[in-house]
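Chains A and B, in that order, are what the protein sequence lines are. Under the working numbering, residues 9 to 146 are what the first sequence spells out, in order. Under the working numbering, residues -4 to 413 are what the second sequence spells out, in order.
Keep in mind the hints are simulated off the structure, nothing from the lab. Bear in mind that the values here come from a model prediction, so they are computed numbers and not experimental data. Just so you know, not all the hints are guaranteed correct.
Below are the DSSO-like pairs computed for lysine-lysine, each with C-alpha atoms no more than 27 Å apart in a straight line [claimed, not checked]: (1) K125/A x K19/B; (2) K40/A x K133/A; (3) K133/A x K13/A; (4) K96/A x K111/A; (5) K109/A x K19/B; (6) K96/A x K40/A; (7) K96/A x K19/B; (8) K41/A x K125/A; (9) K96/A x K13/A.
Computed footprint of chain A on chain B, listed as stretches where at least three residues anywhere in the stretch have a Cβ under 8 Å from a Cβ of chain A [as the list claims (entries may be wrong)]: (10) 100 to 107; (11) 139 to 150; (12) 384 to 390.
Just so it is clear, CB atoms sit at the ideal spot from N, CA and C, and this is done for glycine as well.
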Amino acid sequence: MAYFKDEQELYQYIGRLFQDLAADEELAPKFKKANTIVQYRYRNPDAQITTKLIEGEEGQVDLGPTELVHEVLMTMEADTAHNFWLGKVNITVALARGQMKAKGPVAKILKLVPLVKPVFPRYKKLLSDAGREDLIIP
Amino acid sequence: MDEYDDDATARAGEFGSRQMAGFKPFYQFIAPTRVIAGYDLIGGIGFEFAKEGAKRVLIVTDQVLRETGLVDRVIAGVEDGGLEVAGIVDGVPQDSDAGVVMRTAEAGHEHGADSILAVGGGSVMDTAKVANVIFVHGGDPRGWEGYFGLPRDDDGQGRPQELAPLACIPTTAGTGSEVSFVAVVKDRDAHVKFQIGDIPMYPRLALLDPESTRTLPVKLAASTGMDAMTHAIEGYVSSEWNPHSDAYAMAALRLLRDNLHRAFEHPADDEARGNMLIAANLAIQPTSSSAIGIAHSMSHACGAHCDVPHGVANAINLPWVIEFNAAGGDEIAARYRDVNDVFGLETGGSAEAVGHALGEHVRQLVASLGLPTRLSQVGVTEASIDLLVDGAMGDACTLVNPRDTSEEEFAELYRLAL
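All chains should be modelled from the sequences, with the hints used to inform the complete structure.
Pasting the structure below:
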């Protein structure tokens, strides 16, 4: 069974995490170094998050339909995204196994990968604060 | 995703984990290219390529090779096998770009070709590989940037759709592009090199004949040979190591140990040059498992921003990276001990000592090959370092290095190599 029952639940947790990061005074400027617009398309449940990471511009996170035109497209199961933010996914393996698919100038977001490590505890806390310990895999 | 897959995802290693020994929870190894190696093979290229379905062949090469007469012998070989030469694209530059790729694909259509034969070094072969994608699927090169993104049957989940038959005759012994699924092409407007990689991009046939490197300048033989050396060492110590890629990397290292300097000192030695072609061919295979490392991350950035030839950049960066990585822990150092054993170097002592022994060995080899040993000798300046660090951090090779590398550590490595 999938972790999230519907797209709203996915937006409530993963979407919220993206919004928090976009507003983070310390992390947001680092993420904006990517200078790109990334769209994450999820399956089971179907959902879509689009993030604008452009230096010198206001960050933007659109949950669902968007007018932003993405440069990089990442597609994956919603469960894979959830596991990723818990720190449980090796991206290289996920790409090789087709659990994550990347299209576009992937290098722009690969440079963000080392930056996301400190975000994992934040995601766990977000779930914990929402009373969703059931979603935290030991 | 079902429950089993969830478990598999977790077993496949947590984010950033580096499992350097034991049974790996997941790896993939792919080597689908038919390789033919030996003497006097070029005259039989048509006979061999026909087995891959080729009938009307577009030959992709460069002007320098055309002038050596090698391409004429290839044409004769194609025709001797009963195939037609549909057309020839001989304008591929040393550092090919998206425009050249588009023109090559267009030439394929104009001449009614059904297959592609690349005769050249990495730039020629990568041009042919990406041109094949455009030739079959259309679009433009940057539109296909990324990994595993080519069209597949069954709504994108099934078998990748085949490209036209592609054969490669490498004329340098370094990139191994003739048996890899990735191609690197420059976007001159954006000042970046971008990568496209997917399983159908594996060439169907690679022909390794020392005749094809007979006119290779010794400096180029040296730098491309160091590229192969870097593939083998980084492939062996990468976080994505596995027993299959180990076997290829170790065989490559033994051939490099015995033939790189010999081929440099005796350019007429067909046996040494033939073995170097095979070494380069074996050394690239770990990349099918994504096994590579940050010497490549650093060198890709040097090429994109400072136009440093890839093999030269690898030759300079590799020893510093070896010392940095080996000091990252006993499990990483254990992989380097195996490499040292091949070269008859110190295998005991501390992790730092093991790394230093191999680093020094590589430095001496690079110097003995007459290659630059400092980035400052090839146009890199202190002022370039911020840009280079940015490039290296965003390089896919960084994710599979055995040791995590921060921006500050990349900057320090570049300064050491400067």
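Do the hints match the structure? See the list:
1. K125/A x K19/B: holds, 23 Å
2. K40/A x K133/A: Holds: K40/A and K133/A sit about 24 Å apart, inside 27 Å.
3. K133/A x K13/A: With a Cα-Cα distance of about 20 Å, the restraint between K133/A and K13/A holds, given a limit of 27 Å.
4. K96/A x K111/A: holds, 22 Å
5. K109/A x K19/B: Given pair K109/A, K19/B holds - Cα atoms ~22 Å apart, limit 27 Å.
6. K96/A x K40/A: Measuring from Cα to Cα gives roughly 24 Å; hence the hint holds.
7. K96/A x K19/B: holds, 16 Å
8. K41/A x K125/A: OK: K41/A and K125/A at ~17 Å, within 27 Å.
9. K96/A x K13/A: At roughly 20 Å apart (the allowed maximum being 27 Å), K13/A and K96/A satisfy the hint.
10. 100 to 107: violated (count 0)
11. 139 to 150: holds (count 5)
12. 384 to 390: holds (count 4)
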